[in-house]
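Undergrad: Sequence:
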Amino acid sequence: MAWACAELAKEAAKRGGPVALRYFYRRQGVIIGGALTGGAIAGTVAYDKWSKRRAAAAAEPVAESTTEAPARGDAQETRHS
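Counting in this note's numbering, the sequence shown runs from 40 upward without gaps.
Simulated from the structure, these hints should not be mistaken for lab results.
Careful: at least some of the hints might be erroneous.
[To be verified] Derived CB-CB ranges, DEER-like:
| id | residue 1 | residue 2 | range |
| --- | --- | --- | --- |
| 1 | ALA96 | GLY55 | 56 to 64 Å |
| 2 | GLY82 | ALA59 | 28 to 36 Å |
| 3 | GLU46 | LYS91 | 49 to 57 Å |
| 4 | ALA48 | ALA79 | 30 to 38 Å |
| 5 | PHE63 | ALA95 | 47 to 55 Å |
| 6 | SER90 | ALA48 | 47 to 55 Å |
| 7 | ALA43 | ARG66 | 15 to 23 Å |
| 8 | ILE71 | CYS44 | 20 to 28 Å |
| 9 | ALA45 | VAL69 | 25 to 33 Å |
| 10 | ILE70 | ARG92 | 28 to 36 Å |
| 11 | LYS88 | ALA41 | 50 to 58 Å |
| 12 | GLU46 | ASP87 | 40 to 48 Å |
Glycine included, C-beta positions come from ideal geometry on N, C-alpha and C.
Given these sequences and hints, build the entire structure.
TA: If you want it as structure tokens, here you go:
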């Protein structure tokens, strides 16, 4: 515990006192929180675009093939000798 207090005292002296140290870490928290929030929003927007694109692709009608298999009665019968 004494080591942690000594480290905090050194850090506070470097930053200009305990109040300055507190504000320094609060600003970092705001910056990190803002970055995390921005990342979450960007991920949500990307997921929405992806899901809409996927839904639109699934809704498109499938093109019919130009070569169709002959119906059962239309096929030529093979003769075996």
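Undergrad: Should the hint that ILE71 and CYS44 are 20 to 28 Å apart at their CB atoms be regarded as holding?
TA: Because 25 Å falls inside the window, the suggested range holds.
Undergrad: When you take the CB atoms of GLY82 and ALA59, is the distance between them in 28 to 36 Å?
TA: holds (35 Å)
Undergrad: Hint says 15 to 23 Å; check whether the CB-CB distance for ALA43 and ARG66 agrees.
TA: holds (22 Å)
Undergrad: Range hint 49 to 57 Å: satisfied by the CB atoms of GLU46 and LYS91?
TA: holds (51 Å)
Undergrad: Could you check the hint for me, namely that SER90 and ALA48 are 47 to 55 Å apart, CB to CB?
TA: holds (52 Å)
Undergrad: Does the hinted range 56 to 64 Å hold for ALA96 and GLY55 at CB?
TA: Roughly 58 Å apart at Cβ, these two residues keep to the hinted range, so it holds.
Undergrad: For the pair GLU46 and ASP87, does the Cβ-Cβ distance stay inside 40 to 48 Å?
TA: holds (45 Å)
Undergrad: Cβ-Cβ distance between LYS88 and ALA41: within 50 to 58 Å?
TA: holds (54 Å)
Undergrad: Could you see if the CB distance from ILE70 to ARG92 stays within 28 to 36 Å?
TA: holds (33 Å)
Undergrad: Honestly, do PHE63 and ALA95 meet the 47 to 55 Å range at C-beta?
TA: For PHE63 and ALA95 the Cβ distance comes to about 49 Å; the hint holds.
Undergrad: Can you let me know if the beta-carbon spacing of ALA48 and ALA79 is within 30 to 38 Å?
TA: holds (36 Å)
Undergrad: Cβ-Cβ distance between ALA45 and VAL69: within 25 to 33 Å?
TA: holds (27 Å)
Violated hints: none; the structure is consistent with every hint.
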